[in-house]
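A.B. asks: Chain by chain, the residues:
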Amino acid sequence: MAITSIKNLKEFSTSNDRFEGAHLLCPGCAHSMIVRELMNCTDDNLVIGSNTGCLEVSTAVYPYTSWDTSWIHIGFENAATAVTGAEAMHKARKRKGTLKDPDAPVKFVAFGGDGSTFDIGFQWLSGAMERGHDFTYICLDNENYANTGGQRSSATPIGATTSTAQAGTHSYGKKEKKKDIVSIMAAHGAPYVAQLAPNKWKSMAKGFQKALETEGPCFINTVSACTTEWKFDPKDTIHITDLATDSLMFPIYEIIDGHELNILYRPKNVLKVEDYLGAQGRYRHLFKPENKHVIEQIQSDIDKNWEMLQRREEARI
Amino acid sequence: MAKEFELNEVEVWDGNYAASQALRQAQIDVVAAYPITPSTPIVEGYGAYVANGYVDGEFVMVESEHAAMSGCVGAAAAGGRVATATSSQGFALMTEVLYQASGMRLPIVLTVVNRALASPLNVRGDHSDMYLGRDSGWIQIDAFNAQEAYDLPLCAFRIGEHLDVRLPVMVHQDGFTTSHKAQNVYPLKDDVAYKFVGDYVPVDEMLDFTRPVTHGAQTEEDWHYEHKAKQHKAIMDSKTVIDEVFEDFKKLTGREYKRVETYMMEDAEVALVLLGSSVETAVLAAKQLREEEGIKVGVVAPRCFRPFPYDLVREALDVPTLKAVCCLDKSSPGGAMGALFNEVSAAAYTTSSRPMITNYIYGLGGRDFAMDEAKRIMKEQKAHADAGHITTNIQQFSGLRGPKLGFYETRRS
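In order, the protein sequences belong to chains S and R. Just so you know, this note's numbering puts 104 at position 104 of the first sequence, and the rest follows in order with no gaps. Just so you know, this note's numbering puts 305 at position 305 of the second sequence, and the rest follows in order with no gaps.
These aren't lab readings, by the way, just hints derived from the structure by calculation. Be careful, since some hints might not be right.
[Said to hold, decoys possible] With a straight-line cut-off of 27 Å between C-alpha atoms, the simulated BS3-like cross-links for lysine-lysine are:
(1) S:K91 <-> R:K195
(2) S:K175 <-> S:K206
(3) S:K231 <-> S:K175
(4) S:K210 <-> S:K179
(5) S:K96 <-> R:K382
(6) S:K272 <-> S:K210
(7) S:K206 <-> S:K292
(8) R:K404 <-> R:K382
(9) R:K3 <-> S:K100
(10) R:K195 <-> R:K287
(11) S:K292 <-> S:K231
(12) S:K96 <-> R:K3
(13) S:K94 <-> R:K189
(14) S:K94 <-> S:K200
(15) S:K96 <-> R:K287
(16) R:K3 <-> S:K94
(17) R:K195 <-> S:K94
(18) S:K100 <-> R:K195
(19) S:K91 <-> R:K382
(20) S:K202 <-> S:K175
Chain S with its partners taken away, still in its complex shape (with noise of 0.2 Å):
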């Protein structure tokens, strides 16, 4: 097992640079800083596959390639599916004798945006999970589908305007939930499925080490902040995911084998969710008096949220 120390992050951000700092994703974006951290915590080869979406047109326009490893891109739905034939032509060829190197430590991961992870690939996700091959699956969750302009998808938050969930005189955004996938993914029966932020980069980095090390299908989701959808100032993309991890809008937590839940960030002081509202564009239209009940929904939410993370955690069922 060829995993990277993790001493200081100037160090760690350095250590196996396996992609590009030249690509096409928008400056501030996280999903740069999440691909690295997963590329630079591990020395093993990777096989990485990429759903359609933000990455995958930001770093591989041909002639170029911002890969410096084994990368394929199929369609918007199916990288999952990509990843796990190449995971089982491995498992073939080294059966047979046919690798060029069969000692070659190698890791299969696949990346998609929350378009390709929650909606249009999630059947592709669930029958790879299902299979049980020896991947990881890491969804970069920027709440829309940011690459084609800013739709609502089935991860963005209630009260969240996007180009097809508008607010209005009539409407104050996104009237739905956001669909739990970490939850659901656990309930494949998962071995190892946590959702992750880029702020708190040493539990992401042990979090993506303790993926590749499981054998079997894994689940992240990593939140990926989102400059241009969400409306912040490039420079602020940490600042916003610290707003995000501390109000517990997004809650740092590991679930194993399906139940076994452990919280791996506990705010020291835990933010109201306005501060993190507050400090982005898609939500402005909810500090009007006429959309406040919908603050309060979310913060309610998210009180029952943390609620039922901490009881499952004590509970360890």
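We have chain S already, so just place chain R on it with the hints.
C.D. replies: Then chain R, alone, in the frame of chain S:
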């Protein structure tokens, strides 16, 4: 090491089982599949080989046909031999990935058991799915019976994996008529069949970590056009390799395949052009009609649907005696002439005799195409030949209940 499967010199197999045996003998590394009528027995047959030690590779049962082809693409990019099977709606569901597989130049073999496309839902055989694949960039080879359903997948691996080709290949057979009809099949021994197919040679594989590769990049107006043109050239040029592989197969087995099969065309006055299991019906009908009524009928059957063998179809139709040709399409064309009519007309336009060409739509949803109807259509062609012009609508429907349907008329008289 996979066990050898004991085979008799002649076996009684249906088209599905024949195809599954060919897949087994090719020692595929990964089969990712999802069952669908009427190709399910191919997948089930392969599953039985896996369960009993006849296969060393991985058998991945995915959750849909889209995922089946997606898994095949991922596996193929990882540098090994890959195949799967499907039909009809499953084929339609995997269509997105068919284009991706060919654009990524991955030599996957897909055995297609042809079946109608809904709606109305129908499990019987016609060529709707085969026609749906015709612009997908796959080589499409057509088996007319169970023996061919065994022989042609073996050839397909050789063709698609050839370094000058590197394209995916479909091998078609007709649903039920071929897939479920048991016939005598002469198989090769396992070692002989594998030797013919040969070891897989990886190209730009994702499991060679000394040389990282990016598969499935994006190109816009700057490079997309050049990529597609190069891909088109590869499939157009694949005819040379197809001919070579068929020639090698003939040397090994004595069974001869050509990109276009022709029957009694040397002196033909009228001809039928068609695909699939109906070819054997047409050939028998033509023989009988020659004996019974002295009408000189020939049959032309493109073995290769893609790349479409314009060269050999033209050669087959460039017969001085030939006056009238009927192209039979087993797929509802949705507001056009049948695809076979269009391709054959294009090929025939530059012949010196330039025969009259008509189009029949037939056999949709498994409607039987019997000898009497084949003969009736042949005699109708003879009537065109005698009159010197097309005496009916150019497009008609064969074996249809209710009012007769006909479209488009000739201006030649």
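A.B. asks: It remains to establish, for every hint, whether it holds in the given structure.
C.D. replies: Going through the hints against the structure:
{"no.": "1", "hint": "S:K91 <-> R:K195", "verdict": "holds (23 Å)"}
{"no.": "2", "hint": "S:K175 <-> S:K206", "verdict": "violated (35 Å)"}
{"no.": "3", "hint": "S:K231 <-> S:K175", "verdict": "holds (20 Å)"}
{"no.": "4", "hint": "S:K210 <-> S:K179", "verdict": "holds (25 Å)"}
{"no.": "5", "hint": "S:K96 <-> R:K382", "verdict": "violated (59 Å)"}
{"no.": "6", "hint": "S:K272 <-> S:K210", "verdict": "violated (31 Å)"}
{"no.": "7", "hint": "S:K206 <-> S:K292", "verdict": "violated (39 Å)"}
{"no.": "8", "hint": "R:K404 <-> R:K382", "verdict": "holds (20 Å)"}
{"no.": "9", "hint": "R:K3 <-> S:K100", "verdict": "holds (25 Å)"}
{"no.": "10", "hint": "R:K195 <-> R:K287", "verdict": "violated (38 Å)"}
{"no.": "11", "hint": "S:K292 <-> S:K231", "verdict": "holds (20 Å)"}
{"no.": "12", "hint": "S:K96 <-> R:K3", "verdict": "holds (14 Å)"}
{"no.": "13", "hint": "S:K94 <-> R:K189", "verdict": "holds (26 Å)"}
{"no.": "14", "hint": "S:K94 <-> S:K200", "verdict": "violated (37 Å)"}
{"no.": "15", "hint": "S:K96 <-> R:K287", "verdict": "violated (51 Å)"}
{"no.": "16", "hint": "R:K3 <-> S:K94", "verdict": "holds (18 Å)"}
{"no.": "17", "hint": "R:K195 <-> S:K94", "verdict": "holds (21 Å)"}
{"no.": "18", "hint": "S:K100 <-> R:K195", "verdict": "holds (22 Å)"}
{"no.": "19", "hint": "S:K91 <-> R:K382", "verdict": "violated (61 Å)"}
{"no.": "20", "hint": "S:K202 <-> S:K175", "verdict": "violated (35 Å)"}
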